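What follows is each chain in one-letter form.
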Amino acid sequence: MPEWHEADEVQLIEQAQGGNAEAFGQLYERHAAAVFRYVFAHVDNRLDAEDLTEDVFLRAWRSISKYRQRDIPFLAYMFRIARNAVIDHHRSSRRSEQLVSLEEDDRPDRQIRDFRPDPGDAAIESQERQEMHRLLGQLQEDYRTVLLLRFLSGLDPEETALVMGRSSGAVRVLQHRALTAFRKLLPREG
Amino acid sequence: MMSVGQEELELVFQACLEMVQSGRESFDSALSHYPDQAGAIRPGLEALVWLQGQVRFFDPRPGFVESSRRRLFARIQQEIASQRPLLNKWEALLAWFSRPKRLTLRFILVLILITGLVIGAGGVVVASRSAIPGDYLYPMKIAMENTQLVLTPGSVGEARLNIELAQHRLVEVQTLVLKGRYQYIPETVSEFERQATSATQLLKMAAEKGDPRVAPLATLLKNNLVNQSRMLEVLIGIIPDGVKETFNRLMATTQTSISSAQDVIGTVPTAPASSPTSEAPVVATPVSDLTPTSTLPSASTGSVLLSPVSTPANKSFGVTASPSIAPLRHPATATPTATRIETEPIRHTPKASHTPRPQREPKPTKEKPPVRTKFPSDLEAW
Numbered sequence: 000m001p002e003w004h005e006a007d008e009v010q011l012i013e014q015a016q017g018g019n020a021e022a023f024g025q026l027y028e029r030h031a032a033a034v035f036r037y038v039f040a041h042v043d044n045r046l047d048a049e050d051l052t053e054d055v056f057l058r059a060w061r062s063i064s065k066y067r068q069r070d071i072p073f074l075a076y077m078f079r080i081a082r083n084a085v086i087d088h089h090r091s092s093r094r095s096e097q098l099v100s101l102e103e104d105d106r107p108d109r110q111i112r113d114f115r116p117d118p119g120d121a122a123i124e125s126q127e128r129q130e131m132h133r134l135l136g137q138l139q140e141d142y143r144t145v146l147l148l149r150f151l152s153g154l155d156p157e158e159t160a161l162v163m164g165r166s167s168g169a170v171r172v173l174q175h176r177a178l179t180a181f182r183k184l185l186p187r188e189g
Numbered sequence: 000m001m002s003v004g005q006e007e008l009e010l011v012f013q014a015c016l017e018m019v020q021s022g023r024e025s026f027d028s029a030l031s032h033y034p035d036q037a038g039a040i041r042p043g044l045e046a047l048v049w050l051q052g053q054v055r056f057f058d059p060r061p062g063f064v065e066s067s068r069r070r071l072f073a074r075i076q077q078e079i080a081s082q083r084p085l086l087n088k089w090e091a092l093l094a095w096f097s098r099p100k101r102l103t104l105r106f107i108l109v110l111i112l113i114t115g116l117v118i119g120a121g122g123v124v125v126a127s128r129s130a131i132p133g134d135y136l137y138p139m140k141i142a143m144e145n146t147q148l149v150l151t152p153g154s155v156g157e158a159r160l161n162i163e164l165a166q167h168r169l170v171e172v173q174t175l176v177l178k179g180r181y182q183y184i185p186e187t188v189s190e191f192e193r194q195a196t197s198a199t200q201l202l203k204m205a206a207e208k209g210d211p212r213v214a215p216l217a218t219l220l221k222n223n224l225v226n227q228s229r230m231l232e233v234l235i236g237i238i239p240d241g242v243k244e245t246f247n248r249l250m251a252t253t254q255t256s257i258s259s260a261q262d263v264i265g266t267v268p269t270a271p272a273s274s275p276t277s278e279a280p281v282v283a284t285p286v287s288d289l290t291p292t293s294t295l296p297s298a299s300t301g302s303v304l305l306s307p308v309s310t311p312a313n314k315s316f317g318v319t320a321s322p323s324i325a326p327l328r329h330p331a332t333a334t335p336t337a338t339r340i341e342t343e344p345i346r347h348t349p350k351a352s353h354t355p356r357p358q359r360e361p362k363p364t365k366e367k368p369p370v371r372t373k374f375p376s377d378l379e380a381w
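Quick note, the sequences are listed as chains A and B, same order.
Under numbering that gives the first Met the number 0, the letters of the first sequence match residues 0 to 189, in that order.
Under numbering that gives the first Met the number 0, the letters of the second sequence match residues 0 to 381, in that order.
The hints are simulated quantities; they were obtained by calculation from the structure and are not laboratory data.
Among these hints, one or two may not hold up.
As the list claims (entries may be wrong) - So the derived list for chain B, only partly shown, Cβ under 7 Å to chain A, looks like this:
no.: 1; residue: 11
no.: 2; residue: 12
no.: 3; residue: 13
no.: 4; residue: 47
no.: 5; residue: 56
no.: 6; residue: 67
no.: 7; residue: 71
no.: 8; residue: 74
Values in this document were obtained by computation on a predicted structure and should not be read as measured data.
Each residue gets a CB set at the ideal place from its N, CA and C atoms; glycine is no exception.
This is chain B alone, in the form it adopts within the complex (with noise of 0.2 Å):
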């Protein structure tokens, strides 16, 4: 710390410097201004003019400022041209990742990155095929059917792609309901009747040409409606009235395509033999007894289970059920039916290598229970 004659001699010395360095007074006359502290800045100061007087040896030489003026130029616009700043981020990876010499950190990079876009966009499907109207993922899901619906090869396929999707724009719709998410319904029920609309047809087309595979999906989307008609019956009791006139809707062309399929299966002949859904052996029912009663997740890959069962609301709908045999994917489940059948048996038997082992008449003393599948609430009590 500076004493105050210190801090007092640098103030005098300062000012002294000011004066001789500006040329005001000579280094004489500064120091007359402080007789009392010349002695100490006088040092000082003959130092200050004996570099002043030096000065010139340090200066550049005549015309330098200007030839290295051009020199320098030409340097930066060499610069310039040969070395463009980079104009961001990404512009400064790529130039990173496009030196030589980084062959295989490049390859891991590019591996790691393909491999996280793959594991990434496969878990995003994944979560998307649970998606429903108003969720982040649904226009994916929605993107992937229209996709599939693109990509499937003839009318067959396209009517079975239809039933599928028509399917789930019912299960949506009863989602949509049980979370409360009713503004969401009445575009789901225009994309269902689409669907349904679509569906029926081209199984109408197919029919028209014959083609055997069209009674089973016909079998299938009506069994699938009849289900889902239960349902809608159920939550239409508690929804808001301002849904109700889009669930009537609803439940309108649900009937129609319900008809509709029924005409088509009237018209056409069943599956032939060799047909994979109906290798597992069928059991007739009589028609009075028959209710379709499948599960979603059997609808969908033609799975009908057949029971006997004719509960009020499948007269309620005008339904009856089809007098064409639809195909059992799990014999065991049948068992129970048959043992009830009054009518001659009709089995389906393609091929002589693949005749289904007959099957055991039960004891008539000790009656199997039958095996309960998923039912909708309503058949509960069968």
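Only chain A is shown next, with the shape it has when bound in the complex (with noise of 0.2 Å):
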């Protein structure tokens, strides 16, 4: 539950598409853990998570003079914004690799991207996380999108609706035919 309320949010938003910074970082620290679950879960190391995440608020800064709150809630405009955002670092990053692969395929930097070790994270975190990337990975698009929206970021369904662009009741049937699909790839023992 959390502790602030809507109303507080309403004003908090209009401050900031005031032009008030102290309000929008009081917005960020509301939305940024549930943003950073659902881009980490996205890219392979907890950095760019990071980054990116600032990135994402960042371009909602920009854009916040344009968002109308009767649209969409301000959480699920973040989403938006953040699925862009992890759109946009996906091409980049795959743009840059084609550019790696074709000078130097073997270069040792590569190497040391790929299997670099997060510096803060403990071993068995890390072997958790890479086995629910891989998991995550085996599922088709929208399942995966709205297991991170609905458990990982904790949107509840209409909000989740909202990012992806369906209705709500849609979002309920395809969050329990990707629940099922999911537990077909974890361990049976379970």
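Now that you have both chains on their own, put them together as the hints suggest.
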């Protein structure tokens, strides 16, 4: 249960739209963790996820004057931006990897990047996360998205529906199917 | 489309999911509420429980939110400082316009803008010339006239311009009557009075100094006013009673100005031979036979045709033709006049080199008909 209230959030959004960076900072504190989890589930290391999370909020700050609260909840708006940021990140990563592969496939720094462990993470945590990445990677795109938004970032069905551009009923059905499909990928002993 | 059974299964799954997610019930107790659907919804709930256990691995490291908030705040402040949001479209346009590498485009746009302004302003000025009081462009016409007055050097030049402007006002009064815009007449009459008075005063001042350019101007003023008086006399019969008083005032001012112009003519010498307006051959006509019949366009250029007509109209105004000789721009128009002159013709011969060719004596048996110019309607009989 969040400690803050919707009324506060509306006020903070209005202040941020008026150019108040401090108010936007409070919005950041409220939603940064959820956005980070979503982003971290899409990228392979923590540092990239942190940079990308900041980038998502910076994009939100630049476009917040155009945001209209009656159209979409703020969290759903943030996740739309996050989704686009993740897509852009993968595009640019693919491009840079293609460039690297054209030049030197066995370059040592590439090896380091691919297998570099997160310095602040415990080895087990890292393994668990990599396993999660591997399993999620086997799901189709909309299953993966609904699972991340609903159960990793904690959006409700309505917010998830707005991010994904579907009805909330469709999201409920989708989440059930996605969970069932995901269970098939997990080890049998549960 | 979902079947009833499938729809029911989704509702049961949703209910169990909420129970487990909220922590109100354990996984098994949630399933025990729906033993018939337990087998179908179990895999999904198992996956949910597993996912919930994984969330902690995706949490941000401790202190990340605080530190990244500070970084984000600094980046935002930097953006605010370096890129102030544009206030309006004009500012955005200016910003776009001032970007480098657009010199050619900038030059072309400025050129187009200036050309457009010049063409537009020229068109408006031309259109404003025919404006009358009550038209949108009339204030521009007045502004142009005032500018002309300011820029005109010397009292004689100013007098000439005032004569022209007074003539414009009289024409405007006539047009206003014909268009029925009576409400603008008093203002136009006042303006006429001001300009006619200025013209006569300036002429008097120049006459006192013995300026030889005064005589033709005074003649011009007098002739203009005489002609316009006839039109005003016709129009006074068709105007409403409310305007008649103003019209009478206008007539009185016109007569006063005619008298003043006549006085000036009597006090100054005629224009010197070098005057451009006297270059054309001029033939004198007996005073009793002269009636100025200048048309509006020629009046403004100083060309006045003296016709040997004496109408009741000019007598009614107490007007006597000027003893001085008004210049004729087109000698051909004066030819018939000359044929009827009994007295010795006076020829202005300014310079030997400019001596006009002697006019051929017309054949007494076959007299050429007089050349018609534009006359006021009451002179058409002539």
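Here is how each hint holds up against the structure:
1. 11: Violated - the Cβ of residue 11 of chain B stays beyond 7 Å from chain A, reaching only about 10 Å at its closest.
2. 12: holds (5 Å)
3. 13: Holds - the Cβ of residue 13 of chain B comes within 7 Å of chain A, reaching about 6 Å at its closest.
4. 47: Since chain A brings a Cβ to about 6 Å from residue 47 of chain B, closer than 7 Å, the hint holds.
5. 56: holds (5 Å)
6. 67: Holds. Min distance 5 Å.
7. 71: Constraint on residue 71 of chain B satisfied, holds at 5 Å.
8. 74: holds (6 Å)
Violated hint for the displayed structure: number 1, the only one.
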